[in-house]
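Student: For reference, the chains in residue letters:
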Amino acid sequence: EDKVVQSPLSLVVHEGDTVTLNCSYEVTNFRSLLWYKQEKKAPTFLFMLTSSGIEKKSGRLSSILDKKELFSILNITATQTGDSAIYLCAVEATSNTGKLIFGQGTTLQVKP
Amino acid sequence: EAEVAQSPRYKITEKSQAVAFWCDPISGHATLYWYRQILGQGPELLVQFQDESVVDDSQLPKDRFSAERLKGVDSTLKIQPAELGDSAMYLCASSPQGRTQYFGPGTRLTVL
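Just so you know, the sequences run in chain order A and B. Heads up: take any position in the first sequence, counting from 1, add 700, and you land on the working numbering. Heads up: take any position in the second sequence, counting from 1, add 19, and you land on the working numbering.
What the hints contain is simulated information worked out from the structure, not anything from laboratory work. Treat each hint with caution, since some may be false.
[What the hints assert, rightly or not] With a cut-off of at most 27 Å between alpha-carbon atoms, the simulated DSSO-like pairs for lysine-lysine come out as follows:
id: 1; chain 1: B; residue 1: Lys90; chain 2: A; residue 2: Lys740
id: 2; chain 1: A; residue 1: Lys811; chain 2: A; residue 2: Lys740
id: 3; chain 1: B; residue 1: Lys34; chain 2: A; residue 2: Lys768
id: 4; chain 1: A; residue 1: Lys737; chain 2: A; residue 2: Lys703
id: 5; chain 1: A; residue 1: Lys703; chain 2: A; residue 2: Lys811
id: 6; chain 1: A; residue 1: Lys737; chain 2: B; residue 2: Lys81
id: 7; chain 1: B; residue 1: Lys97; chain 2: A; residue 2: Lys740
id: 8; chain 1: B; residue 1: Lys97; chain 2: A; residue 2: Lys741
id: 9; chain 1: B; residue 1: Lys81; chain 2: B; residue 2: Lys97
id: 10; chain 1: A; residue 1: Lys741; chain 2: B; residue 2: Lys30
id: 11; chain 1: A; residue 1: Lys756; chain 2: B; residue 2: Lys34
id: 12; chain 1: B; residue 1: Lys97; chain 2: B; residue 2: Lys34
id: 13; chain 1: B; residue 1: Lys81; chain 2: A; residue 2: Lys703
id: 14; chain 1: A; residue 1: Lys767; chain 2: A; residue 2: Lys811
id: 15; chain 1: A; residue 1: Lys811; chain 2: A; residue 2: Lys768
[Claimed, not checked] Listing some non-contacts, in silico: residues in chain B with all C-beta distances to chain A over 10 Å:
id: 16; residue: Lys30
id: 17; residue: Gly47
id: 18; residue: Gln60
id: 19; residue: Pro62
id: 20; residue: Pro80
id: 21; residue: Pro100
id: 22; residue: Ser106
Idealized CB from N, CA, C, for every residue including glycine.
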């Protein structure tokens with residue numbers, strides 16, 4: 701059965717800290733891995749990763765995929781209170797016609 | 020910027036009542052998804068449409084849930100009768116075929 705596991709489930713840091721969120725997966729016929737940020741509403745897209753070792757970067761956020769070890773990390777540097785959210789990892793398999801399999805999410809709280 | 024629209028944003032109902040949720044995808048997006056997100060978990064796909072056809076409804080509880088997308092544009096998800104365990108966020112997403120999914124704001128359902 702396809703599975704996505706995120707860790708930690710929750711994290712509390714102070715502004716300015718750097719955080720690393722983890723996502724491991726077991727999926728047949730992997731196609732891509734996606735990261736979403738969810739505040740008190742719908743998930744918003746952050747990154748799509750398809751190739752190992754190529755870092756995707758957007759401002760203070762970056763992510764990388766390891767297809768050999770079947771995991772991805774999402775890094776946030778110099779955290780701000782506005783980064784407080786649930787971060788969701790999802791995997792798409794080629795056999796699933798676009799269906800995303802989500803992990804349970806990591807709840808990040810950034811304190812001033 | 021085009022967005023996925025959903026209504027209502029919040030719905031409170033009593034168990035055994037019928038409820039319906041509406042989703043209007045981004046114009047031109049052929050693929051539409053309905054997800055259910057229980058508090059503390061990641062979204063889980065209920066049904067996927069390609070134009071007006073159902074592509075995947077393997078996780079849809081068909082004894083009480085139904086979904087339609089009659090003209091291949093907007094979609095309705097219905098629950099009849101609602102049960103306490105149906106309390107969750109119902110998310111609609113759309114994508115151009117084979118591309119990134121964009122989520123609507125969701126409908127938060129509370130069943131009393």
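Student: All hints are to be evaluated individually against the structure, with a verdict given for each.
Tutor: Status of each hint after checking the structure:
1. B:Lys90 <-> A:Lys740: At roughly 31 Å apart (the allowed maximum being 27 Å), Lys740 of chain A and Lys90 of chain B break the hint.
2. A:Lys811 <-> A:Lys740: holds, 17 Å
3. B:Lys34 <-> A:Lys768: violated, 47 Å
4. A:Lys737 <-> A:Lys703: Answer holds: Lys737 of chain A to Lys703 of chain A is near 19 Å, not above 27 Å.
5. A:Lys703 <-> A:Lys811: violated, 31 Å
6. A:Lys737 <-> B:Lys81: violated, 30 Å
7. B:Lys97 <-> A:Lys740: It holds: about 23 Å lies between the C-alpha atoms, which stays within 27 Å.
8. B:Lys97 <-> A:Lys741: holds, 21 Å
9. B:Lys81 <-> B:Lys97: holds, 10 Å
10. A:Lys741 <-> B:Lys30: holds, 15 Å
11. A:Lys756 <-> B:Lys34: Since the Cα atoms of Lys756 of chain A and Lys34 of chain B sit roughly 46 Å apart, the hinted pair is violated (cutoff 27 Å).
12. B:Lys97 <-> B:Lys34: holds, 14 Å
13. B:Lys81 <-> A:Lys703: holds, 24 Å
14. A:Lys767 <-> A:Lys811: violated, 34 Å
15. A:Lys811 <-> A:Lys768: violated, 35 Å
16. Lys30: With a cut-off of 10 Å, Lys30 of chain B remains clear of chain A, as the shortest Cβ separation is near 15 Å.
17. Gly47: holds, 16 Å
18. Gln60: Label violated. Min Cβ-Cβ 5 Å, cutoff 10 Å.
19. Pro62: violated, 5 Å
20. Pro80: holds, 17 Å
21. Pro100: holds, 27 Å
22. Ser106: For Ser106 of chain B, whose nearest Cβ neighbour in chain A is about 17 Å away, the distance exceeds 10 Å, so it holds.
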